[in-house]
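J.: This is what each chain is made of:
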Amino acid sequence: NAGVTQTPKFQVLKTGQSMTLQCAQDMNHEYMSWYRQDPGMGLRLIHYSVGAGITDQGEVPNGYNVSRSTTEDFPLRLLSAAPSQTSVYFCASSSLVRLYEQYFGPGTRLTVT
Amino acid sequence: AQTVTQSQPEMSVQEAETVTLSCTYDTSESDYYLFWYKQPPSRQMILVIRQEAYKQQNATENRFSVNFQKAAKSFSLKISDSQLGDAAMYFCAYRRGRGSEKLVFGKGTKLTVNP
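In order, the protein sequence lines correspond to chains F and Z. This note's numbering puts the first residue of the first sequence at 1, with every later residue one more than the last. This note's numbering puts the first residue of the second sequence at 1, with every later residue one more than the last.
Hints listed in this document are in silico derivations from the structure and should not be mistaken for laboratory results. Please note: incorrect hints may appear among the correct ones.
What the hints assert, rightly or not - Distance condition first, Cα-Cα at most 30 Å in a straight line; then the derived DSS-like pairs of lysine-lysine:
1) K73/Z / K102/Z
2) K107/Z / K14/F
3) K9/F / K102/Z
4) K73/Z / K9/F
Claimed, not checked - Residues of chain F placed beyond 10 Å of chain Z at every Cβ, according to the derived structure:
5) S33
6) T86
7) T111
Unchecked claim - Negatives, chain Z to chain F, calculated, CB over 12 Å:
8) E15
9) S28
10) E52
11) K73
The C-beta atom is built at its ideal place from N, Cα and C for all residues, glycine as well.
Working from the sequences, and respecting the hints, build out all of it.
T.: Following this line, the structure appears as structure tokens:
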């Protein structure tokens, strides 16, 4: 059981480049979400999804797009990277019937130069 | 909007001693969950303990326990018999109950354990 997986673990981008951070879970969880973690800021919610085909914005959605075509996958897209998006990104998932448990992926450290 | 406040950016404790990390939160909801997450240098977010708001009894997990004061909106974490492996960032988090998928985090407390 892999849990929540994220790829890549590290990424360096130049300003203006685009990329997709991948997130997958094998627990059949309905809920999936993306957080970013900046020094001194804790984790902040970017986007989330309550099921395939359904997404919504979190606290800091600007500059990011998401889609949820399958239950397992929830990719996060940066269309035009900016230095302000340098951060550590976490994907998380949880079950509708066990809302008190949220599983986190290992994180992706993204640097935008 | 719900907020979570951790007023101690850094704490330190001697090995085998006890330390308490503070957390307060603001909400108008009556149904919610509170969590403490540990983040070691590996970056992995590890759930330490959780508390359901409707439960009066404080949660306990081995050396970790909480002091949940619902009226005061306070949720502190006590680590007993501290070990070197307890050194990490600790985050307090809030989640509204009944179908909410959003976690609101505090800014974290860095715990150092001195041998």
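J.: Is the hinted pair K9/F and K102/Z satisfied, with a Cα-Cα distance of at most 30 Å?
T.: holds (24 Å)
J.: For the pair supplied as a hint, K107/Z and K14/F, is the alpha-carbon distance within the 30 Å limit?
T.: With a Cα-Cα distance of about 28 Å, the restraint between K107/Z and K14/F holds, given a limit of 30 Å.
J.: Determine whether the non-interface label on S33/F survives the test: each CB of chain Z must be over 10 Å from its CB.
T.: violated (6 Å)
J.: According to the definition I'm using, a residue is off the interface if its beta carbon is farther than 10 Å from all beta carbons of the partner; does T86/F meet that for chain Z?
T.: Fine: 15 Å to the nearest Cβ keeps T86/F off the interface.
J.: At 12 Å, judged by beta carbons, does S28/Z keep clear of chain F as stated?
T.: holds (18 Å)
J.: Are K73/Z and K102/Z close enough, with their CA atoms no more than 30 Å apart?
T.: holds (19 Å)
J.: Please check whether the beta-carbon of E52/Z is more than 12 Å away from every beta-carbon in chain F.
T.: violated (7 Å)
J.: With 12 Å as the threshold, tell me whether K73/Z passes as away from chain F on beta-carbon distances.
T.: It holds; K73/Z is separated from chain F by about 18 Å at its closest Cβ, greater than 12 Å.
J.: Would the least Cβ to Cβ distance between T111/F and chain Z come out above 10 Å?
T.: holds (15 Å)
J.: Against the 30 Å threshold, does the CA-CA distance of K73/Z and K9/F hold or violate the hint?
T.: Distance of about 37 Å is beyond 30 Å: violated.
J.: Is the nearest Cβ of chain F still more than 12 Å from the Cβ of E15/Z?
T.: At roughly 27 Å from the nearest Cβ of chain F, E15/Z sits farther out than 12 Å, so the non-interface label holds.
The structure is inconsistent with the numbered hints 4, 5 and 10, although it conforms to all the rest.
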